[in-house]
Amino acid sequence: MSFLWAGLLEALDRIAHLDRDLVGALAITLRVSISSTLIASFLALPLAFLLAMRRFRGKRLVLAGLKTALAVPTVVVALFVYSLVARNAPLGGLGILFTPTAIVIGQVLLILPLLVALIHGALESSTRTVYEEALLLGASPAAAFWKTIVEAGGGVTTAVMAGFGRVVSEIGVSLILGGNIRGFTRTMTTAIALETNQGNFAQAIALGFLLLCIVLVLNLVIQLAGRQPDAV
Amino acid sequence: MPAPPVSGVTMSCNRARLATALAVLLVGCDAPLPRTGEASRVLLATTTSTANSGLLDHLLPIFQRQTGIRVDAVAVGTGAALRLAERGDADLVLVHDPRAEEAFVARGSGEARIPLMRNDFVLVGPATDPASVEACGGTIEAFRRIARRGSPFVSRGDSSGTHARELSLWRLAGVLRPGAWCLEAGQGMAGCLTLADEMSAYALTDRATFLALADRLQLRPLVQGDSLLANPYSLILVDPRLRAGGNHAGARRLVEWLTSLEGRRRIADFRARGEMLFVPEGGPPG
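In order, the protein sequences belong to chains A and B.
Residues in the first sequence are numbered from 1 upward in steps of one, following the working numbering.
Residues in the second sequence are numbered from 233 upward in steps of one, following the working numbering.
Just so you know, these hints were derived from the structure itself, not from any lab.
Be a bit skeptical, because a hint or two may be false.
[To be verified] Quick partial rundown of chain A residues pointing at chain B, CB under 10 angstroms, derived from the structure:
id	residue
1	Ala16
2	His17
3	Asp19
4	Arg87
5	Pro90
6	Gly93
7	Gly95
8	Ser125
9	Thr158
10	Ser169
11	Ile181
12	Phe184
13	Leu194
14	Asn197
15	Gly199
[To be verified] If you want the footprint, here are the derived chain B segments under chain A, 3+ residues with CB under 8 angstroms:
id	region
16	299-307
17	495-505
As the structure is a prediction and not an experimental result, all values here were calculated from the model.
Even glycine gets a Cβ: it sits at the ideal position worked out from N, Cα and C.
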């Protein structure tokens with residue numbers, strides 16, 4: 001219990017001194033996580049839309065498969081990407097193993113099923129009506145598509161934030177594809193793993209606490225910038 | 233006039249454009265760009281003990297300042313480092329498992345073993361020392377006693393250099409298959425020591441990690457100084473043919489620097505509580 005308290009004090013101390021490693025890890029985490037969340041969201045939105053709009057045979061199987069993908073361990077996703085981008089692998093020539101780019105790729109694959117499943121859930125009930133109504137009112141297909149997203153509002157935002165939460169807290173992909181290289185691919189979570197492996201529990205807790213603070217600030221900004229929440 | 237829906241869509245379209253721009257910006261400013269970054273950096277695969285001790289964080293920035301060559305160290309453990317290198321994912325390895333290193337070189341994956349530094353292992357255990365290993369006359373006898381008594385022993389259980397040493401010591405002690413009293417933790421050294429502490433078990437640890445945690449542990453060093461507990465670290469340059477587009481020249485310069493007077497002095501300067509954590513090969517310079 002004592003190291004929890006020591007952790008909080010350590011966290012405050014690090015903020016006060018603007019510890020260079022800490023700032024670096026925060027920057028890397030934010031850059032990588034925001035990138036992967038945005039990319040995955042852009043891929044997921046049209047996919048979820050199509051899934052909500054179309055009725056086809058085997059749709060339930062697809063949905064079941066999607067939700068199963070949510071249970072894949074991060075390490076397994078990482079190893080899959082590793083097998084593609086390692087030096088002597090098909091995409092090895094790109095030289096992206098142990099760089100932030102590899103982490104982003106892994107994280108996008110990680111949360112894509114999650115985002116499609118959640119956004120689809122938010123769209124399912126109303127999508128068809130909203131889309132057709134928008135077309136009737138003269139909107140282009142693209143604008144009508146966007147309208148259905150906007151109408152689902154809070155549900156889509158929550159889905160995106162869930163995706164962000166998933167990537168900001170994961171270790172497997174960051175560690176295996178990034179390599180935990182100080183100042184380059186050392187994210188907050190891999191830094192926490194390193195501190196823990198060194199037995200520095202207080203420092204590990206401190207980093208975790210700081211990560212949560214940053215995410216809280218981010219969430220507050222988004223919540224305040226968005227529409228009035230009638231549905232979360 | 234359907235004003236509200238259209239303006240709502242326009243506003244959201246603008247937000248979408250903003251988000252797209254942000255995304256492109258974020259991904260684009262992934263500095264340095266993967267290609268140039270990859271080509272000029274040296275990828276060093278190493279052990280958790282060198283990384284966890286902080287030695288590399290101490291040495292590598294100095295090397296970069298003096299030569300301009302960037303070294304990215306990936307700490308994955310000895311076994312993983314050698315396998316990684318064989319797949320062509322590293323330019324250089326720094327590990328501590330002489331047998332595995334020799335096999336690696338024999339296979340042609342590396343040029344030669346270049347001894348760099350050493351420290352030692354320590355057999356730690358509870359103060360009560362139930363198997364009476366302290367001052368029993370050597371490491372092998374100590375391991376024999378632990379096995380005979382079936383006293384709990386926490387093993388690394390991963391293919392780390394430390395684990396390799398444990399296995400060879402059990403073999404030398406004539407213990408072919410440790411029983412249920414040997415707990416394979418599958419964790420890093422600090423995790424294993426914490427576990428051993430909780431369970432009042434024996435463990436084999438490198439001195440650096442033990443020193444770092446000593447204040448927090450009840451475990452005591454019971455057997456040390458034996459030549460069987462020597463822990464030598466070596467560098468091996470990976471065959472450049474295994475790794476297209478790697479930085480072999482940079483790796484070679486790193487090896488030269490680390491084994492030079494300058495490098496050895498820097499290694500010797502790295503201390504905890506006044507003690508050298510790693511002794512450079514050939515002794516501390518000066």
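Consistency of the hints with the structure:
1. Ala16: This hint is violated: A:Ala16 lies away from chain B, its Cβ roughly 22 angstroms from the closest one there, beyond 10 angstroms.
2. His17: violated (17 angstroms)
3. Asp19: violated (13 angstroms)
4. Arg87: holds (4 angstroms)
5. Pro90: Interface hint status for A:Pro90: violated (13 angstroms vs cutoff 10 angstroms).
6. Gly93: Constraint on A:Gly93 satisfied, holds at 7 angstroms.
7. Gly95: Since chain B brings a Cβ to about 3 angstroms from A:Gly95, closer than 10 angstroms, the hint holds.
8. Ser125: Given a least distance of 19 angstroms, the restraint on A:Ser125 is violated.
9. Thr158: Where the cut-off is 10 angstroms and the nearest Cβ of chain B is about 16 angstroms from A:Thr158, the hint is violated.
10. Ser169: Status violated, d = 19 angstroms.
11. Ile181: Because about 4 angstroms separates A:Ile181 from the closest Cβ in chain B, which is inside the 10 angstroms limit, the hint holds.
12. Phe184: holds (6 angstroms)
13. Leu194: holds (7 angstroms)
14. Asn197: holds (4 angstroms)
15. Gly199: It holds, given that the least Cβ distance between A:Gly199 and chain B is near 4 angstroms, below 10 angstroms.
16. 299-307: With 4 residues close enough to chain A, the hint holds.
17. 495-505: It is violated: at least three residues are needed, and the region 495-505 of chain B offers just 0 whose Cβ sits closer than 8 angstroms to chain A.
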